[in-house]
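*Asks:* The hints should help you fit chain X onto chain R, whose structure is shown.
So the protein lines, in turn, are chains R and X.
FYI, in UniProt numbering the residues of the first sequence are 1 to 271.
FYI, in UniProt numbering the residues of the second sequence are 1 to 306.
No wet-lab data here; the hints were simulated from the structure.
Note that beta-carbon positions come from the ideal geometry of N, C-alpha and C, so glycine has one too.
Watch out, some of these pointers could steer you wrong.
[Said to hold, decoys possible] Reference excerpt, derived from the structure (chain R facing chain X, CB under 7 Å, subset only): (1) R7; (2) E41; (3) V180; (4) S181; (5) L184; (6) H213; (7) R261; (8) V264.
[What the hints assert, rightly or not] Examples of chain X residues lying across from chain R (beta carbon under 7 Å, computed): (9) D210; (10) V211; (11) R215; (12) H237; (13) L243; (14) P283.
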Amino acid sequence: MSTLEVRHLVKDFRLRRGKLRAVNDVSFTLEPGKTIAVVGESGSGKSTVARMIAQLETPTRGEILLDGEPIGRRGRAAAEYRHHVQMVFQDPFASLNPYHSVAHHLERPLKIHGVARGDALTPAVHGLLERVNLTPPETYAAKRPHEMSGGQRQRVAIARALAPGARFLVADEPVSMLDVSIRLGVLNLLARLQREEDLGVLYITHDLATARHFSDEIIVMYRGDIVERGPSDQVILDPQHEYTRTLLAAAPEPSRHGHLREEVRAELAGA
Amino acid sequence: MTATTTAGPLTSPTHAAYLAGQDPVLTASDISITYEVDPPVHAVKGASLTLHRGEILGLAGESGCGKTTLAYGLNRLLKPPAILRSGEVTFHDADGADVDVVGLRGDALRAFRWDKVSMVFQGAMNSLNPVISVRDQLQDVMTTHRPQMSRAARGARSAELLELVGVDPVRLDSFAHELSGGMRQRVMIAMALALNPQVMIMDEPTTALDVVVQRGILREIMKLREQFGFAVVFITHDLPMLLEISDRIAVMRDGEIVEIDTAESVYARAQHPYTRTLLASFPSLTGERGAFVRGGGPATEEGEES
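Same shape as in the complex, but just chain R (with noise of 0.2 Å):
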């Protein structure tokens, strides 16, 4: 079976004194058709995994393997290796050309990885605008980025990833920069087509709670260590490291509605 592999995976930064270690030993297995959620605030080193993941950062220690065999890092083989695992960015504002239409953004990864070319490569990039909801096809392939809305934007970014035919996806915080009536949309959009094509998806966020529905497994990362992991039920609603129930206790929670104004007053009055 095919699988994308991290092996005690490790990442120094050098800093002007001495070195600051943002990842620190971190192993995973992604599998066809699940998808793996990886929570944790600024500098846990969540996207820095994701980095590694797509051979934008080179790890210190430690291996990525796809379907057992040690990934290529340059030339033929690193183009290889990209067929199979791409990735999807975190603002669709920024990752889009504003020169360039739609239909070259798709175009571009059909040609490079030989998907499509000449007269076969129009209905290739009609077939993923259909894929990713984005129709009728024609209108969209003709547009600019500016054109467009941001969910938009980013379902264009999601059918860029899945162009050269990728098995895995990386979706590194792919919906926090979207409004929040079109989050879930996006996210379940990538549900669909993860489970219309059996596709591995890594999911960086900070949000617990669309880890916990759009994850099989949750891994919790604090300063470059995993601390917890599991189920995604087990880890939210049983969490056992102190950070995961730090972590749980900050997020929202609307129905402790009137709590935080009661608690701040007791702790006023005994203070």
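*Replies:* Showing chain X alone in chain R's frame:
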């Protein structure tokens, strides 16, 4: 039920009952703000809002709904091409005088801003001046508005302000880049507190922060509100967070306030379809999976999780 109405926002008897015991501090009626571009953008359309002494009023809505524009209108911060087309804003001072905010000009306006109504800006992370120290920025407010204060009094007040927001006063000599995001935000709040305003407008004050830091700052705001009794207009798209901290919530869409009610009523009995959409956009952290079961295909181990 019809969607948007011109008959004013949806509300409930609970809300009316809540209003009965309240003392207004800022009243805005029939505010319309237009961006005079081609074609003109009607960013706020006939919005009315009353803020009461010591309450936290949440203003919820998504990008482009006009919430920030409305806040700028309340504080007279609109810059062309934005123009206040119509409407009145009245500030009811604690000493009993009513101030017509729209009619303020020149020195009177300068004296009013920050002293009566202060603001924590969106992206406060980046609103500190990078080339002057925290001390100088805090004292700038005092030298402008309280010229009679002595140097020593200003210094003491700056240290006191930082302590109030939970930042060590040694940080007075720091520059913005030496502070973490959460600390910068706290300094911004300290600055907004400097003159003991009666109203504080907070525009997405915690949006760029991590949840744990965000929680700390929300607590701080709640605590300061209890201590000093200022009223807060809290603007954000994060409805669950508003539900947790606000007394009342106004939901804005396309320049109109579509629903206004107590936080409790909004949570339990939201009436406007858009409010319900917003509420449904946040899956519950610990509740039932409900409609969000994503059914992850054959490899999903849904059964083993329970």
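*Asks:* For every hint, state whether the structure bears it out.
*Replies:* Hint check:
1. R7: For R7 of chain R, the interface hint is violated, since the closest Cβ of chain X sits about 21 Å away, which is over 7 Å.
2. E41: Since the shortest Cβ distance to chain X is 4 Å, the answer is holds.
3. V180: Where the cut-off is 7 Å and the nearest Cβ of chain X is about 5 Å from V180 of chain R, the hint holds.
4. S181: Status holds, d = 5 Å.
5. L184: Because about 6 Å separates L184 of chain R from the closest Cβ in chain X, which is inside the 7 Å limit, the hint holds.
6. H213: holds (4 Å)
7. R261: holds (6 Å)
8. V264: Nearest chain X Cβ about 4 Å off; hint holds.
9. D210: holds (4 Å)
10. V211: holds (4 Å)
11. R215: For R215 of chain X, the interface hint holds, since the closest Cβ of chain R sits about 4 Å away, which is under 7 Å.
12. H237: At 5 Å from the nearest chain R Cβ, H237 of chain X passes the 7 Å test, so the hint holds.
13. L243: This hint holds: L243 of chain X lies near chain R, its Cβ roughly 4 Å from the closest one there, short of 7 Å.
14. P283: holds (5 Å)
Hint violations for this structure: number 1 only, all remaining hints satisfied.
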